[in-house]
Structure formats: C-alpha cells, structure tokens
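Take 100 as the starting number for the sequence shown in the working numbering and just add one per residue.
In short, the hints are calculated from the structure, not lab data.
One should not assume that every hint holds.
[Unchecked claim] Ranges of calculated distance between the beta carbons of each label pair, as one might list FRET restraints: (1) 179 <-> 370: 34 to 42 Å; (2) 314 <-> 230: 25 to 33 Å; (3) 215 <-> 370: 39 to 47 Å; (4) 179 <-> 265: 13 to 21 Å; (5) 207 <-> 265: 26 to 34 Å.
Even for Gly, the Cβ is constructed at its ideal location relative to N, Cα and C.
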Amino acid sequence: MTSRERGTRKGWWGAAQRVQHLPAVLGAHYTSRMKQLRTLSGAIAVAAAFTFNAGAWGQCVTVQGDPVEGGLIWAKVGQGEEVWLDDRSLAVLPNGYVVAGFHRDASASSILKVGKDCEVELRVAQREYRIQRVEGVPQRTVTPPKEQLERIRRERQLVAAAKAEVVERPDWLMQIDGGFVWPVKGPISGVYGSQRVYNGKPGNPHYGVDIAVPTGTPVYAPAAGRVTLAEPDLFYSGGTVILDHGYGLSSSFLHMSAVTAKVGDELTQGEKIGEVGATGRATGPHLDWRMSWQDRRVDPQRLVPPMATDNTENTDKKVPAAR
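With the hints as extra help, turn the sequences into a complete structure.
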C-alpha cells in the first residue's frame, strides 16, 4: 500500500472499504454554524477508487468532493455570494459553484464561509506518505551546476505564469465530477506525496503520478482545456505541457519526448498533446502527470478510476521517476 489515510472518526457514518493497492475510505466531519449556532454533523465517504459519491448536508450549504490532503471539494452557493476558504477568496462559477483544493500538507481543519451567515468547518483527512528511493538520476539534475541556476529560475517563472492564467469554462464542474480520464495507461511507478530520495540525497516530495510506458507512447488530454505552456526541453521536467481546465485547475505533463500541442490550443478530452519520453530529471521513459488548483498541488489519482495495471507497491525499487 502506498499510503494510509487517517480520517476524523467523530461523526462518521458508513464503513471503511479497502482495495488491494489503494488507501482506505476517508472520513470527514462537517459542522455548519448559523447565527443561531445550530450544529449539524455529517460525513463524506469517498471510495478508495478515488471517485466522489456523497455530499455533506449542512443547514446553509452542501459541500461535495474529497476533503483530504491532495483532494478537491466543491459547493453550490448563491450567485453574488462572497465565499472564502480560510483566508482565501473563492471565485463563484457561472453555474453557482465554488471549488477548492487541499495541498499535500494541508491543515486538519479549514473553514468555508459563504456570505455573512454561513460557515462550514471541514475536517481534512490527513495522509501518511512513504519514502521512495530513486537511483540512477543524472547527477546534474540532483545538484545543478551553477551555470544552470539562472536557467532554472527563468523556467520556474515561465511555469508560474502559465499556471496563473485563469480560463473560464462553463463545463468545468462536469469535468471534475467523474469526467477525467487517464492521459496514458500503464504501470504506476510513482505516486503523489511520496518523499523522494535521489541518488541517496533527499529531494522535494513528488506531486504527480508516474506512469511507466515506452518512449513514443501518445499522451492524451484527460479533460478539455487550453494549453498555456508547451516547452520541449525544461531543465527538470524536459518536454512539458500545461493544460488549463478552467477556474484554477490545471494539468501538467512532464518528461515527454515530443510536444505536439501549442500554446493557445483549445483541446477536447482525448486529443493528443505529446509523446512519453525520459527527458529532464528522469531515469527512464514515463509520464509524470500532475495537477494543481491555483498554487496548491492536488492528486490526479483522486479524479480518475484505478487502472488494472496499477503497480504502486514497487516504488522503493529502481523505477522511472521524476522530480
């Protein structure tokens, strides 16, 4: 098992379910506080296959989704409402929904505030992440030479600018609610959140899912979106494409041997964006698929069904892996 998730037990309904390789069902506790200080508790049961199957019914707002580190939630609110998640203002979509994501190390509790009279306390399930040791990584990408530091800085700014663009899509919510597909299928050799050790040196956590398939394998858009970055050779990530799905949610595709999409392309689900490779910091051919909500990294596996070729248990071995 690649990770274990601890949900808050208070207020649970429903039982945990397990599958062979993936985490247990999550529990989450919600508390709605009105001006009258009435309280209602509920829970979301999210299957280990990472599908969304329940909402939490409060007295002022219904929250749905995946309240866990790396997960996404959404809620229907009134048009024109001011909505906040902790200290972050949330944009209201044309269909009246708001969406928010939780980073790898999110706080165990967040407050969703809608207007002046409604607050929902979200108990965010915490995850435990394993350590993945990756050997055979090009040493220059583990400890970059000084002459490459300016290039790395420029490329990070380029990526940040691409993710900062906000694309409005009227079909946005339909995509996150069961509408994503795998960009490529094959053995999973790396998972979200794992602590990476490269050639014996601790590195940053891994924020994507690695799919080990041969060089040249086509990579397809997991959902509709606009291409905001298409670069053939970034220092760490090699051939890279960023696809903006709308309202702050984006996918990144790393280490590709060929980039066929172009900046500004409006892609539909299933259109080709490039080909799998081993460019940048990689030990072999694979696709590193990452997702972000605004500046928070979220877990792509929570938006797609599991693959029969799942191979996540062997992640301590020498496998194709990314930054």
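Results of checking the hints against the structure:
Distance hint check for residue 179 and residue 370: the Cβ-Cβ separation is about 36 Å, which falls inside the suggested range of 34 to 42 Å. For residue 314 and residue 230, the hinted distance range of 25 to 33 Å is satisfied, since their beta carbons lie about 28 Å from each other. Remark: the range hint 39 to 47 Å for residue 215 to residue 370 is upheld by a beta-carbon distance near 44 Å. Taking the beta carbon of each, residue 179 and residue 265 are about 19 Å apart, inside 13 to 21 Å as hinted.
Look at residue 207 against residue 265: about 29 Å separates their beta carbons, and that is inside 26 to 34 Å.
Of the hints listed earlier, there is not a single one the structure fails to meet.
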